[in-house]
Amino acid sequence: MKRTAPWLTAIVLVLGAIFAYPAAVSAQEPRTAELTGFWLTTPHPELAIRPGETQSIALTLRNSNLPPQRASLEITGVPDKWRWSLKGGGRDVGAVIVGPDASENLNLELTPPEGARGDRIPIKIRARYGNEVAELPLLVSLSDKPEAGLELKSELPALRGTASSTFSFKVDVKNDGEESLFNLAANVPEGFQTRFKRGYGSEEITGLPIEAGASETVTLEVTPPRSAAAGRYPVVMEVSGGGASAATELSIEVTGQPEVSLTGPQERLSGQAVAGKESSFPFTLANTGSAPATDIELSASPPSGWKVEFEPERIDAIAPDSTSRVNVKITPSERAIAGDYMVNVRASSGPVSESAEFRVTVEASTAWGMAGIGVIAAAALVLGMAVMRYGRR
Amino acid sequence: MTRKGSPFKGAMTIAMKEAADHMTSARMHLIMLLVMLSATGAVYGAIGRITETTAEDPFLFLKLLTIAREPLPSFAALLGFLLPLVAIALGFDAVNGEYARRTMSRLLAQPIYRDAVLFGKFLGAMIVLAVALLTLWLLMTGLGILFLGLPPSAADVVRGLAYMAATLAYAGVWLALAIAFSTMIRSPATSALAALSVWLVLTVFWGMIAPLVAGAVAPIDPLDPMTMVTQYETQQAIARLSPQRLYGEVAAILLDPAARSISPLFFDQLQGAIVGAPLPTLQSLLVVWPQLSGMVAAMILLFTLAYVAFQRQEVRA
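Chains A and B, in that order, are what the protein sequence lines are.
Heads up: the first sequence runs through residues 1 to 393, numbered per this note's numbering.
Heads up: the second sequence runs through residues 394 to 710, numbered per this note's numbering.
Keep in mind that the hints were calculated from the coordinates and are not lab data.
Do not take every clue at face value.
[Stated by the list, open to error] Take a look, some chain B residues computed to stay more than 10 Å from chain A by CB distance:
#1 Met405
#2 Met416
#3 Met425
#4 Tyr437
#5 Glu463
#6 Ala470
#7 Leu471
#8 Leu516
#9 Leu527
#10 Leu541
#11 Leu554
#12 Pro615
#13 Val622
#14 Asp649
[As the list claims (entries may be wrong)] Pairwise CB distance ranges (calculated):
#15 Thr674(B) to Arg160(A): 57 to 67 Å
#16 Glu309(A) to Pro657(B): 24 to 34 Å
#17 Thr528(B) to Ser355(A): 50 to 60 Å
#18 Ser261(A) to Ala670(B): 17 to 27 Å
[Unchecked claim] According to the in silico footprint, chain A covers these stretches of chain B (three or more CB under 8 Å from chain A):
#19 665-672
#20 695-708
C-beta: ideal position from N, C-alpha, C; glycine also.
Given the sequences, and given the hints that come with them, work out the whole structure.
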């Protein structure tokens, strides 16, 4: 690099007349690399902090082109009753070693007491290395003006429920900045529906004004799709407005739930039967939920004198999105009259149950019809015999 | 001596001639006028009732025949009462009238058997009755369309036709009875009176006689509630000896699709039943099939009686 730099510069200077702009950029880079020394720097040497709060000021020790330097740090000018500490890597530090061409980051934490006043308080930070001293003067002012910012706090950031339930998060939004209208947004997995409401209100909102320093409670309602599989889903709630924004991460856990549906033969809920005779109806049990339905028991409440049997009488398990076939054998009472009867068929499995009203049309027995035709035939036979005996006179 | 050919040869000729004679006779005109007027009155009353009270009904044209408005009975009840009169008017002098006019020997001088004469007379009167009933039903349906502003549904038409067929069988019973009396009794006036008294007893007084006989045959034991059921069933069985009762039951089931039974019902039979759900027409027919076949069989047997009596008679008077 060192050797190529002048050579590069020469070329660049020749071309500089033609390509003025790119030349200027490339020419700057090598010059910084040439600097040699040891510095103590901070991005904001003059700053304002709020009393009663711990503020951290980022400090950088930079060693350029020097052997490793041990720098012991001292701070002067911090007013009495102010608490301060130097933190490096999370610990209190008093000295730092910076390798060649490296930099070390430190934090100066200042905590002015509540009610402290002052303007442009000079604080000096010295780093003694070798026989030399790197000095960084800071001018710290105290201001009561709140810093612009938003804070989101969720009471219960993780909720659990079934796919059919509504998850509702209460989130406190604290506005540390100017009064403004804040937009609300939620980032949810596809298919999930979200609604924002203010506190315990019922109106759906998309944004709400918050006064400076005030806080509002926002209710975020998340409705997962019915088909949501069991599992954990992240929800990110974002609030933005007035130049500030904040986000909080929430999570919902959907537990699976079986859902059993009972449909009759060919999706119909009616059938025909003859009094006193068994008729079989193929019913279909389907699990449309997200968890397997287990131990499904089948029962029916038929009119008195009727017999309803199931084949099989109970089903051990139905996996989600699968079906099972049940034969329902209905025997109407011997004395059932022609017409429609209601039979209630139920399938229950632990917490879920499903019932179907099955309409059975009892048909009149054709035995009497046969007997009637027999009577007419007998009468016709008598007439025929009379014709044979007395006919043709 | 055996005779050749079908005994029914010429029966249709006689039937058509008989029908034509009846159609043009003053007797038929008068009695049909009576039936037509009272039926129109009954249906007109029913239409007024329906337009006042019924909002919507899938079987409006059946209601037309069953709803009654004071002082007239319903069309179905009227038909059950008056139709026997029409049948008796057509048949009371079928055979003895020929003797009275001294036309029987002339009739039998034609190349036909005696069988054909009686069959032809019965069939001719049945044709007239069928035509009259069909006309009556079409007239009432037309009246309904005109005043209700609705066409009859398919179920209305099918049930109406089945009801008319049952009515024809009912009229046939009375016709066969009248013809039987006309063969057995020589004087037309006496046979007419005999048929009318049977009609009066069976339609008016039978409803009182049946409970009386049932009370004597199956008395009620106050300690045994089942005896009440037995007595009611006995009474029903005796009452069903009257064709009017059979016809009433057939009409009740055929004209009311929601009616499911004509026997006494126990509560357990009604548990879970959907009240008011209409029965398919075929099921309604099955419910009253015993009554229907009973009427048809009675008609055939009464005719056989007349036939046997006529065949054994001395016709050379």
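Hints and how they fare:
1. Met405: holds, 16 Å
2. Met416: Its Cβ never comes within 10 Å of chain A, the nearest being 27 Å, so this holds.
3. Met425: holds, 29 Å
4. Tyr437: holds, 33 Å
5. Glu463: holds, 32 Å
6. Ala470: Since the minimum Cβ distance to chain A is about 24 Å, Ala470(B) lies beyond 10 Å and the statement holds.
7. Leu471: holds, 27 Å
8. Leu516: Label holds. Min Cβ-Cβ 13 Å, cutoff 10 Å.
9. Leu527: holds, 23 Å
10. Leu541: holds, 27 Å
11. Leu554: The claim stands: Leu554(B) keeps its Cβ more than 10 Å from every Cβ of chain A (closest is about 19 Å).
12. Pro615: Pro615(B) clear of chain A: closest Cβ-Cβ about 26 Å, beyond 10 Å.
13. Val622: holds, 13 Å
14. Asp649: Non-interface label stands for Asp649(B): nearest chain A Cβ at 12 Å, farther than 10 Å.
15. Thr674(B) to Arg160(A): 57 to 67 Å: Holds, at about 59 Å.
16. Glu309(A) to Pro657(B): 24 to 34 Å: Holds: the Cβ-Cβ distance is about 30 Å, inside 24 to 34 Å.
17. Thr528(B) to Ser355(A): 50 to 60 Å: holds, 54 Å
18. Ser261(A) to Ala670(B): 17 to 27 Å: holds, 26 Å
19. 665-672: Result for this restraint: holds, n = 5.
20. 695-708: Coverage by chain A holds here, the residue count being 6 at a Cβ distance below 8 Å.
Consistency with the previously given hints is maintained throughout, with no hint failing.
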